[in-house]
Amino acid sequence: MSIERRWPHAEITADLAALRARGPLVHCLTNVVASTLTANVLLAIGASPAMVHEEQEAAGFTSIAQAVLVNVGTITEATARAMEAAARTAAAKGVPWVLDPVGVGALPWRRRFARGLLAYRPGVIRGNGSEILSLAGSADGGKGVDSTASSADALTAAASLATTTGAVVALSGATDFITDGSEVVEVPGGNVMLTRVTGTGCALGAVIAAFLGAGCPPLRAATAASAVFSTAAETAMVYSHGPGSFTVAWLDVLANLDA
Amino acid sequence: MSIERRWPHAEITADLAALRARGPLVHCLTNVVASTLTANVLLAIGASPAMVHEEQEAAGFTSIAQAVLVNVGTITEATARAMEAAARTAAAKGVPWVLDPVGVGALPWRRRFARGLLAYRPGVIRGNGSEILSLAGSADGGKGVDSTASSADALTAAASLATTTGAVVALSGATDFITDGSEVVEVPGGNVMLTRVTGTGCALGAVIAAFLGAGCPPLRAATAASAVFSTAAETAMVYSHGPGSFTVAWLDVLANLDA
Amino acid sequence: MSIERRWPHAEITADLAALRARGPLVHCLTNVVASTLTANVLLAIGASPAMVHEEQEAAGFTSIAQAVLVNVGTITEATARAMEAAARTAAAKGVPWVLDPVGVGALPWRRRFARGLLAYRPGVIRGNGSEILSLAGSADGGKGVDSTASSADALTAAASLATTTGAVVALSGATDFITDGSEVVEVPGGNVMLTRVTGTGCALGAVIAAFLGAGCPPLRAATAASAVFSTAAETAMVYSHGPGSFTVAWLDVLANLDA
Chain A
5 MSIERRWPHA EITADLAALR ARGPLVHCLT NVVASTLTAN VLLAIGASPA MVHEEQEAAG
65 FTSIAQAVLV NVGTITEATA RAMEAAARTA AAKGVPWVLD PVGVGALPWR RRFARGLLAY
125 RPGVIRGNGS EILSLAGSAD GGKGVDSTAS SADALTAAAS LATTTGAVVA LSGATDFITD
185 GSEVVEVPGG NVMLTRVTGT GCALGAVIAA FLGAGCPPLR AATAASAVFS TAAETAMVYS
245 HGPGSFTVAW LDVLANLDA
Chain B
5 MSIERRWPHA EITADLAALR ARGPLVHCLT NVVASTLTAN VLLAIGASPA MVHEEQEAAG
65 FTSIAQAVLV NVGTITEATA RAMEAAARTA AAKGVPWVLD PVGVGALPWR RRFARGLLAY
125 RPGVIRGNGS EILSLAGSAD GGKGVDSTAS SADALTAAAS LATTTGAVVA LSGATDFITD
185 GSEVVEVPGG NVMLTRVTGT GCALGAVIAA FLGAGCPPLR AATAASAVFS TAAETAMVYS
245 HGPGSFTVAW LDVLANLDA
Chain C
5 MSIERRWPHA EITADLAALR ARGPLVHCLT NVVASTLTAN VLLAIGASPA MVHEEQEAAG
65 FTSIAQAVLV NVGTITEATA RAMEAAARTA AAKGVPWVLD PVGVGALPWR RRFARGLLAY
125 RPGVIRGNGS EILSLAGSAD GGKGVDSTAS SADALTAAAS LATTTGAVVA LSGATDFITD
185 GSEVVEVPGG NVMLTRVTGT GCALGAVIAA FLGAGCPPLR AATAASAVFS TAAETAMVYS
245 HGPGSFTVAW LDVLANLDA
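Protein chains in written order, with my numbering: chain A, 5 to 263; chain B, 5 to 263; chain C, 5 to 263.
The shape of chain A in the complex, shown without the other chains (with noise of 0.2 Å):
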């Protein structure tokens, strides 16, 4: 695999200007921690969010959102019949779609789930390295929903389960890596703030969602996504004293990144 340092910072800016252009309508069934991180992230670079999780709803949502995301962090039974019926509908209507494998490490339930969602092709599976280990079959459990292993150890399982399941996938941790099995992208500067408020890797698959609804295949988005999240993490440092003033200057940041 050839790993590629950065990638064009021209071609990350025309894509959240084409974002902020189309204003995707990302249908987000994910958990209820990271949910108003997650649609407050997603209002600040410009998509439109909406969190629908009934099943009798979720199917009829897909079809007119531009995007989805199916984050497994709260899973119920309720909404695992919901996230099937939103994973299916997306591969059927050519909906692109995101997988987060929240603590599937840790928990075989939704382990199972997970595997079974990757029937249905997600563009994009997004994760820390406990998770993406554990999803492409290896034992790291992981510590609850905190990763035990680092983005680098699970280099090699991430490029496997992208080469298995024509997935990208975007590997989350001090650098965040994305790969197609083929080539890899690394993305310095994932400051360690990120990994002290609750939700940002959520929103993070939300955000990568977010750029798939705007048009750019999945490499492009994911990579858009963690450059974006990086840049606007260190510049929210300056402002920031600790967990809760880096989350407000990180929204306002997001927002204004385009200035």
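The set of hints was computed from the structure by calculation and includes no laboratory data.
Treat the hints loosely; a few may be bogus.
Where chains are identical, the list cannot tell them apart; a pair therefore holds if satisfied intra-copy or between any two copies.
Subject to a maximum C-alpha distance of 25 Å in a straight line, what follows is the list of computed SDA-like cross-link-like pairs (lysine to any residue) [stated by the list, open to error]:
(1) Lys-147 - Gly-170
(2) Lys-97 - Lys-147
(3) Lys-97 - Tyr-243
(4) Lys-97 - Met-241
(5) Lys-147 - Val-242
(6) Lys-147 - Gln-60
(7) Lys-97 - His-245
(8) Lys-147 - Gly-64
(9) Lys-97 - Thr-152
(10) Lys-147 - Ala-22
(11) Lys-97 - Arg-85
(12) Lys-147 - Ser-67
(13) Lys-97 - Pro-12
(14) Lys-147 - Gly-177
(15) Lys-147 - Ala-25
(16) Lys-97 - Ala-123
(17) Lys-147 - Glu-59
(18) Lys-97 - Ala-156
Please read these numbers as outputs of a predicted model, since none were measured by experiment.
Using the hints, position chains B and C against chain A.
Same frame as chain A, now just chains B and C:
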């Protein structure tokens, strides 16, 4: 219809003071994205929020509340049963309640549900242009939970919905319109930043409920809530650099409004 | 009962250092309103939060967690089954757990449920005056999820509940009282601003669980958590103009407490 541009400032001040003095208990059956902001906004203006959405508890809790909010933003079959129990009890016991038909334009399952709730005679229906048009029987679907119609476009539908249901309709947008079918009150200055922060519209529905619970009649309750939101947003803009710092400043201003 | 006014400062400092060193995984079954703040507060003090509330995952996840929080704030039939599975497993495997009986004063269905959980021997029960009085069998109903009794009013009931259940009872209010039925520790200075921000009491229950998960015995865990909250709130007040900026500053201070 006659349009009144501004509600007397003195009445709104008096209503806010009454709300703070009574601290009404507001039973919120609302969506997971807006729950935290809604609770914090209710606390900031002096109400007591409580989110109770289990069917076995909803009727009993409505009986002891001063007002109820039913917001269908992330409705499920289970919460729909609780919402119906709460609305039925509110009608039976004379507890005033607010219906917020989030997303009914795009989602037929919840549209049928929300229409069914009209039989329980909400005091106020709050929504954006697309939601009010859709609830009133027009075709505008909106874009997910965002409106594709301006509040002005939906004013005729709002007046008709008010006449049919007996509810006051509070139409949110760049300008808020509040109508009982004959009178229309216009509240200018809904800051655009309120549309960049998730859940502010949902929180407005909750604050209308709080004013109802403090004893205001529906037209006055909806007007006071809109005026309070808009005034606080205008002040908060001075201290904000984006949606993150806006939310923080807006909560501070709401809590200090009577100072 | 003898009342001890302050716990030795040195012990609390040592306990916080131990918590940060161990980073206990805290399995939270909590309400949707407080989920995000709870996760952020746990991250700020150095714990690893994970919200898992599906029945099929709860027992397994409790088995690998260092501590469990059961908070019934937005309980449903489905989450009640998960909570019971988690509490039963915690009792069987010796995983310490905290019961937060939110709203049991006003809501008989959850009161019966919470009383049933006492059989699984929580290490700590945390609640406001009305909740503790109600759980102990007294009549005070509270006002929704807010207390109509001061913590001092409920102290006798708290001590009796502690003796009956074997749990330490942490009574939250203007002054926090923590008792095992014989000793009572008083933690002064619970800032009033903590009552103006939703979910701070719920987050306190989670932080007590984190101290239990770091190895502190129950009386010491509940005292350390109250002291940490109260100290951080006092400092945060200096930087705050209302509930919005207070929350931001408070999270920053919690994250920097050992500095």
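Evaluate Lys-147 and Val-242 at a C-alpha cut-off of 25 Å and name the case that applies: within, between, both or neither. neither (30 Å within a copy, 36 Å between copies)
Homo-oligomer pair classification [Arg-85, Lys-97; C-alpha up to 25 Å]: Intra 18 Å, inter 32 Å, cutoff 25 Å: intra-copy only.
Between Lys-147 and Ala-25, at a C-alpha cutoff of 25 Å, which is it: within one copy, between copies, both, or neither? Answer is between; shortest inter-copy Cα gap is 15 Å, intra-copy 40 Å.
Give the relationship of Lys-147 and Gly-170 under a CA distance limit of 25 Å: within one copy only, between copies only, both, or neither. Classified as neither: same-chain Cα gap 28 Å, cross-chain 30 Å, threshold 25 Å.
Evaluate Lys-97 and Tyr-243 at a C-alpha cut-off of 25 Å and name the case that applies: within, between, both or neither. neither (44 Å within a copy, 45 Å between copies)
Can you give me the call for Lys-147 and Gln-60, within, between, both or neither, at a CA distance of at most 25 Å? between (34 Å within a copy, 19 Å between copies)
Up to 25 Å CA-CA - Met-241 versus Lys-97, copy category: Classified as neither; 41 Å inside a copy, 42 Å across copies.
With identical chains, the pair Lys-97 and Ala-156 could be close in the same copy or across copies; at 25 Å between alpha carbons, which is it: within, between, both, or neither? For Lys-97 and Ala-156, neither the intra-copy (35 Å) nor the inter-copy (35 Å) Cα distance is at most 25 Å.
Within a copy, between copies, both or neither: where do Lys-97 and His-245 come within 25 Å Cα-Cα? Result: close neither inside a copy nor across copies, 46 Å intra and 40 Å inter.
At most 25 Å between alpha carbons: which applies to Lys-147 and Gly-64, within, between, both or neither? This pair counts as between: shortest inter-copy Cα distance 13 Å, intra-copy 36 Å.
Should Lys-97 paired with Lys-147 be assigned to within, between, both, or neither, using CA atoms and 25 Å as the limit? between (36 Å within a copy, 18 Å between copies)
Can you tell me if Lys-147 and Ala-22 fall within 25 Å by alpha carbon in one copy, between copies, both or neither? between (38 Å within a copy, 18 Å between copies)
Hints 1, 3, 4, 5, 7, 13, 18 from the list above are not met by this structure, while the remaining hints are.
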